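Asker: From first to last, the protein sequence lines stand for chains P and V. Residue numbers are given in this note's numbering: position 23 of the first sequence equals residue 23, and the series is strictly consecutive. Residue numbers are given in this note's numbering: position 79 of the second sequence equals residue 79, and the series is strictly consecutive.
Possibly wrong hints are sitting among the right ones.
Remember, identical chains collapse to one label, so a pair may be satisfied in a single copy or spanning two.
[Stated by the list, open to error] Calculated pairs, DSSO-like style, for lysine-lysine (alpha carbon to alpha carbon, straight line, at most 30 Å):
hint: 1; residue 1: K2; residue 2: K135
hint: 2; residue 1: K145; residue 2: K284
hint: 3; residue 1: K30; residue 2: K198
hint: 4; residue 1: K135; residue 2: K258
hint: 5; residue 1: K176; residue 2: K2
Don't read these hints as lab results, they were simulated from the structure. None of the values given here were measured: they were computed from a predicted structure.
2 protein chains.
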Amino acid sequence: MKDRIVVALGGNALGNTPEEQLHLVKHTAKPIVDLIQAGHEVILAHGNGPQVGMINLAMTTASVSASKTPEMPFPECGAMSQGYIGFHLQNAIRAELLRRDMTIPVATVVTQVLVDEKDPAFENPTKPIGSFYTKEEAVQIQSEKGYTMVEDAGRGYRRVVPSPKPVDVVEKETIKALIHQDQVVIAVGGGGIPVIKKEHDLVGVPAVIDKDFASAKLAELIDADYLIILTAVEKVAIGYNTPEEKWLSHMDLQTCQKYIDEGHFAPGSMLPKVQAAMNFAGSKKGRRALITSLDKASEGILGHTGTLITL
Amino acid sequence: MKDRIVVALGGNALGNTPEEQLHLVKHTAKPIVDLIQAGHEVILAHGNGPQVGMINLAMTTASVSASKTPEMPFPECGAMSQGYIGFHLQNAIRAELLRRDMTIPVATVVTQVLVDEKDPAFENPTKPIGSFYTKEEAVQIQSEKGYTMVEDAGRGYRRVVPSPKPVDVVEKETIKALIHQDQVVIAVGGGGIPVIKKEHDLVGVPAVIDKDFASAKLAELIDADYLIILTAVEKVAIGYNTPEEKWLSHMDLQTCQKYIDEGHFAPGSMLPKVQAAMNFAGSKKGRRALITSLDKASEGILGHTGTLITL
Numbered sequence: 001m002k003d004r005i006v007v008a009l010g011g012n013a014l015g016n017t018p019e020e021q022l023h024l025v026k027h028t029a030k031p032i033v034d035l036i037q038a039g040h041e042v043i044l045a046h047g048n049g050p051q052v053g054m055i056n057l058a059m060t061t062a063s064v065s066a067s068k069t070p071e072m073p074f075p076e077c078g079a080m081s082q083g084y085i086g087f088h089l090q091n092a093i094r095a096e097l098l099r100r101d102m103t104i105p106v107a108t109v110v111t112q113v114l115v116d117e118k119d120p121a122f123e124n125p126t127k128p129i130g131s132f133y134t135k136e137e138a139v140q141i142q143s144e145k146g147y148t149m150v151e152d153a154g155r156g157y158r159r160v161v162p163s164p165k166p167v168d169v170v171e172k173e174t175i176k177a178l179i180h181q182d183q184v185v186i187a188v189g190g191g192g193i194p195v196i197k198k199e200h201d202l203v204g205v206p207a208v209i210d211k212d213f214a215s216a217k218l219a220e221l222i223d224a225d226y227l228i229i230l231t232a233v234e235k236v237a238i239g240y241n242t243p244e245e246k247w248l249s250h251m252d253l254q255t256c257q258k259y260i261d262e263g264h265f266a267p268g269s270m271l272p273k274v275q276a277a278m279n280f281a282g283s284k285k286g287r288r289a290l291i292t293s294l295d296k297a298s299e300g301i302l303g304h305t306g307t308l309i310t311l
Numbered sequence: 001m002k003d004r005i006v007v008a009l010g011g012n013a014l015g016n017t018p019e020e021q022l023h024l025v026k027h028t029a030k031p032i033v034d035l036i037q038a039g040h041e042v043i044l045a046h047g048n049g050p051q052v053g054m055i056n057l058a059m060t061t062a063s064v065s066a067s068k069t070p071e072m073p074f075p076e077c078g079a080m081s082q083g084y085i086g087f088h089l090q091n092a093i094r095a096e097l098l099r100r101d102m103t104i105p106v107a108t109v110v111t112q113v114l115v116d117e118k119d120p121a122f123e124n125p126t127k128p129i130g131s132f133y134t135k136e137e138a139v140q141i142q143s144e145k146g147y148t149m150v151e152d153a154g155r156g157y158r159r160v161v162p163s164p165k166p167v168d169v170v171e172k173e174t175i176k177a178l179i180h181q182d183q184v185v186i187a188v189g190g191g192g193i194p195v196i197k198k199e200h201d202l203v204g205v206p207a208v209i210d211k212d213f214a215s216a217k218l219a220e221l222i223d224a225d226y227l228i229i230l231t232a233v234e235k236v237a238i239g240y241n242t243p244e245e246k247w248l249s250h251m252d253l254q255t256c257q258k259y260i261d262e263g264h265f266a267p268g269s270m271l272p273k274v275q276a277a278m279n280f281a282g283s284k285k286g287r288r289a290l291i292t293s294l295d296k297a298s299e300g301i302l303g304h305t306g307t308l309i310t311l
């Protein structure tokens, strides 16, 4: 049975340096290629937190140094991270396919994701990006550049940007065309480059779209059968790290909501994953979301492990 | 008559800052969309000299600063530049199409270009990249990192990397699949990310592939009818800037070679453009290369201007 599967990989699973990333993508490629070898269509989405943070930091540092490189807006840093991560991922998947005698094209599509400029998230920026500053520096940056700066867990002040919801994937027709040709596509890197509509133009905005929400939106738009959200654990738990801890094999939307209301899932961690899974599973009958670890993805698709979320 | 056209745009035409680039791509988009509106299939390739230089400089600067971002290899900087430039180009072309009521998907494919590790260029690095250093710094970098450092026109010492010839475009099947679906593709940015083959793996190498040679190779591989190499002038000249200056409307390969032998075309400027045009025109009967300016591309395709190079 051939399924169309969007796999969402975390940016933390890609390491903090190019050497680490080159090493880690080889590990990532194996379970992905297992799914392809089992006959599925695979679209790989990925996070970019550490990577876009590094690029943004380097660009900011160099722009105020003697090098005087230009200031680089945050959406452009996101576009760079898609090229950087896509290059390594497409290579690793291609090589793993070849090792198994499969010649299937793999490519990265630079992806923009439309957000609504009226999204309430723009009134309440929450995602910290870039360097840490002293309070005095933060006040100065805030007044000079209009950035929102907040104190971050006692480590200093950082810029925060909004995290709006994805509305559309601009390059969806390109992604579809490649899937129809049985190609492997890497897309919506880092949740996509966030853009808003200004008449015929799309304009980049400094924001971070949650990569699981963006992956769920992509999965919906390309009519995927499965959304696999990869995380550090094999299954979702309630009462996590308590004596009542219970690992879950299946939740319907009602159960998900009940556990969310009871506060079982940590914001910024398991909560957005469960919510993204609910978005996709709730978008049409038959659509299934699976939350599991990278190594268990293939078993999970066979129904042997992971937490399945359905309507 | 519908032609398949690869257009090669210079990196210098994209400016030195993100603001300049955003502005310039709007200008670039118009003649490109003229070709699409005339019914042609268009694949856009582009240079990245100033852009990858900026990214490389920022990454190097930040890596030796207090920010301590990781050192970024040159091929990865090239991948970043493809995301950065592709984001702006795909947006500008999309908007220009919409302004003319055309809804055609436009996308950037992160592109690797295979080079031969036995290419003699690797014995003789010639392309300067990154910062300027003093002689003492250059000697130290050369011994620490094994880079080749050379004196650059009295301005200091710089790293030089090889400029090998393109052998294959790794993502050609992806590019073809999108053309077959009548989509506009941006590819081989900066001449492509240079990679060599190590068994099943592709490994990035610090090198710069000439974007006109890479565009000619792509045009050949996807069986294009036309290669348009954009430059600052409307036509190629012999005796350029002399009393005998003569602008050329057409050259066959024999004439090209004669003028090359007579030293009419400047190395690093018009010479590689003429050579890339010859490569494509010579690859199969009927293939035509046109060297002209951005603004004259549409007229050139109609045979009204530019320098046509044919077998």
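Asker: Indicate, hint by hint, whether the structure satisfies it.
Answerer: Hint by hint, here is what the structure shows:
no. : hint           : in the structure
1   : K2 with K135   : neither (55 Å within a copy, 61 Å between copies)
2   : K145 with K284 : neither (43 Å within a copy, 56 Å between copies)
3   : K30 with K198  : between (42 Å within a copy, 19 Å between copies)
4   : K135 with K258 : neither (41 Å within a copy, 68 Å between copies)
5   : K176 with K2   : both (16 Å within a copy, 25 Å between copies)
Hint compliance for this structure: hints 1, 2, 4 are broken, all remaining hints hold.
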